[in-house]
Structures are given as C-alpha cells and as structure tokens.
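K.L.:
With the hints as constraints, model all of the structure from the sequences given.
In this text, residue positions in the sequence shown follow our numbering: the first is 1, and each later residue adds one.
Don't read these hints as lab results, they were simulated from the structure. Hints should not be assumed to be uniformly reliable.
Okay, derived cross-link-like pairs now, DSS-like style, lysine-lysine, Cα gap no bigger than 27 Å in a straight line [what the hints assert, rightly or not]: (1) K175 <-> K185; (2) K74 <-> K185; (3) K175 <-> K74; (4) K267 <-> K74.
Derived Cβ-Cβ restraints for the label pairs, each shown as a range [as the list claims (entries may be wrong)]: (5) G193 <-> E311: 46 to 52 Å; (6) A172 <-> A117: 25 to 31 Å; (7) S296 <-> R57: 19 to 25 Å; (8) T88 <-> D150: 30 to 36 Å; (9) T88 <-> E112: 45 to 51 Å.
Don't be surprised by glycine CBs; every beta carbon is placed ideally from N, CA and C.
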Amino acid sequence: MTLRLHNTLTRQLEPFIPLDPACPTLYVCGPTVYNYVHIGNARGPVVFGVLADLLRRRFGALRYARNITDVDDKINTAAREQGVPISTITDRFAAAYREDMAALGVVPPDIEPEVTAHMPQIIGMIEQLISRGHAYAAEGHVLFSVASFDRYGHLSRRDPDEMLAGARVEVAPYKRDAGDFVLWKPSSDDLPGWDSPWGRGRPGWHIECSAMAAAHLGQTIDIHAGGVDLQFPHHENEIAQSECAHGGKVFARFWLHNGMLNFGGAKMSKSLGNIERVHDLVHQHPPEALRLALLSAHYRQPLDWSDALIEQSVRTLDRLYGTLRDLSQVSATPHIPAAVEAALDDDLNTPLALAEVARLAADARRSSDPGEQARIKAELLGAGLALGLLQADPAQWFGTAAGHGDDDARIQALIDERIAAKQARDFARADAIRDQLAAEGIVLEDTAQGVRWVRKRA
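P.N.:
Next up, the structure:
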C-alpha cells in the first residue's frame, strides 16, 4: 500500500515518500498558551496524531514536533491583567492543553519545543536573513522583505497585492513595503524581552516555527501541517523565511491543512465568541465521543460542530462497545484490517475507515461462529487502534465512565429474568421488565449472541 496525501503546495494527491525512508519528519503548529483551547483547535492534533501513528507503522520511526508558543502579545496582555509573570500564564495553559489533548486520546509528539527556549536559534536565523539580503533592521525592528522572495504567495495561490488587501498588515513608517512582516520587535521595560543585535526585544510569530522546525527536524522537513486558517500569512511567511535563510532549500515537501469547525453557521473562533472549550467539553461528554466526532468528516473538509453530532457519536460508541461486550468471552489480539489501512492511505480518509468499523461491528452481531468472532473482534479492535478508539474496556465505557458501574449486574439480572419470563410464556412480566428498563433509559436489542443492552445518555 502507498500512502497518498493531498499536498496544498501542489493542490494534488501525491504518493508520500520521505527523504529518509527510515524516519519521516512531521511538524504541526501548536497552541499559543494564553487560555484554554477550543474544540476547533483540537482537530489538527487529533487528525495529525492519526497520521503520526500511520507513519510510524509504515516507516518504523518518526520525528514529530508540535510547538508551544509561549511568547505572544495576548500572553502579555493576560499576564498584565492578572499581575503575574508570563510564565504563570503559559505554564498553566500549556499544562491544561496537554491534559485536554490526553483526554482526547492525542499521543504527545516526540518533540514539544517552546519558543522561549529557542531564542539563540531565532536570532541566528534572523541574522542569516539579514546577511543574505532578505531582511533589514529599522527602528529596533527587523523585517522580512517580501519583495526579495519571488515565490511569495505560491502556497496560498494568491497575488501578494491581493493577500495584502485581505490581511491585517501593520502600516508603519519603518517598513520599506507594506507587506513586509516583523521578525523581531522591541520590548519596553514592562514587556518580556531578550538581548539581540537589534536591542532588547522579542520575536515575531512566524519566525518562531521556522527556527524551531530547523533546529529539531532539519532545514527540509517532509510534512508541515496545521489549520487552513494558518495557510496565509503564517505558513506563507514560514516558507519565505526558511527558504531564504537556507539558500533556497525547500522548507517543507508536503503541506497538509485541516478544515475549520463551524458552530452555529459560522467558523468557530475566539474573536467571534462562538467557541466551545475542550476543557469544558471533556467534563460534559465522554472524551472518546468528542474524538470520534472530530474524525467523522474528512480532515480537509469543514466540520459542523453541534450537540447533535456529539450525541450521535455517543450512540455510535454505545453500539460499538456493546458489540465488544457481547464478544467479551472471545480472545483476540488487535489486528488493523487492510481496508482500514487502505482508507487511511487515501489521504487520511477517516470517514471511510469508520465505515469499515461499522461494517465489522455489524458482521460481529450477525456471527455465531467462534472462529469468525475472534477474527472480527481482532479486526474491530485493530481498526479502533488505528483511529484511537475502542481501547477502553466495555464495562468502563458503560459503567465507570457513566457512573453506573454498580448497576450493571442489576440490569443484567433483570434482562435474564425477562428472558426466563418469555420462555415461561409469562409475557406480562416480560413486558413489565422491558418497560421498567426503558424508563431507566436502557435499550434492549436482540442479536445473534442474545439480548444486548445499551444505556441512553442524557
């Protein structure tokens, strides 16, 4: 099987062959840690985490970096408002981010570089850009000269003049051209700053990722991924900086961009105020259902986020875990089925992979052959493993996670009593038990393995 990925740079689906066949490199833009992240910010880590696992299976190893931005004007504002050092803000919300991602089943990257630990690399890259004629110092600032890079705009396929019209461009007298962007800016005494050849200051946002990617993954990386909203200006600027600093070497061979989450008919964003924070959602809903919801649409497409989507994801997992509970006496070692690997090889087609999961579960519910049940269970668990799903014990999903662990035995006893009543033709008692369970939110379903039950969730 050949992994094919849609490369934003070429707008084509291309076979992925890493520079080093033994160890691909992957860089994903991480959070700016000044507050809790919203669920839209989690789509990239979830989807590209599936990609990271796939790359490790396919090539045997991976160097995966996802950064933490801990220098930013929003961080400075939050610290000033609370009267604390910026580290108080960044430490708190970086820890919350890691906790929230772990709840969603996101495996940590191999490398998690923080901007504040990479000032020498950032300053060094800016010096390279100046020496090569791609950047200039002015009034304590250092700016990248967009006119010096003739491929500027190639990623977003937009003319530089058009991009300027749609971007937030600071018009300042020290800029040679309006589109030139900041690499370094001065810091007043009340702001965080680092010594540099251009005075005490702090880096611009774009240079940070370029410097950290080069420091940990090399001057040319295999895959750079992030939200489509970062395509311009952030990723466009990363390409310009990196390729100009490194003598024209390609910065990233593949660019992957995930679509946005829509909420209430509009793109989910802090600026619009229409956000749902991961930190809240993982306490209101089963985190695995949130993960399933994020994987339910193809990563390049927009995803409409709603309570109905979460509820549907919970019901889907109820059915899948119910199937695994029916097979609890069947021994099986997880095995990722070829159909699931093929779906993921097709530009991370998670909806197709999830359809295969549903097919396997349906086959399991129809089967009564022990050998076939073992095969299906192995593939069902393996398919879940490839997607970061179905790795909990069914009893945990239905019991502990929902706060009903001690109630399972009572429910099963009532179901057994109902079966016995039907066999004794005591239909009145059987119906009474069914109605009692229905009133408690317990739904019964007849399967080849007998009666299965799931608990409706509020």
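K.L.:
Which numbered conditions among the earlier hints are violated in the structure presented, ordered from lowest to highest?
P.N.:
8 and 9
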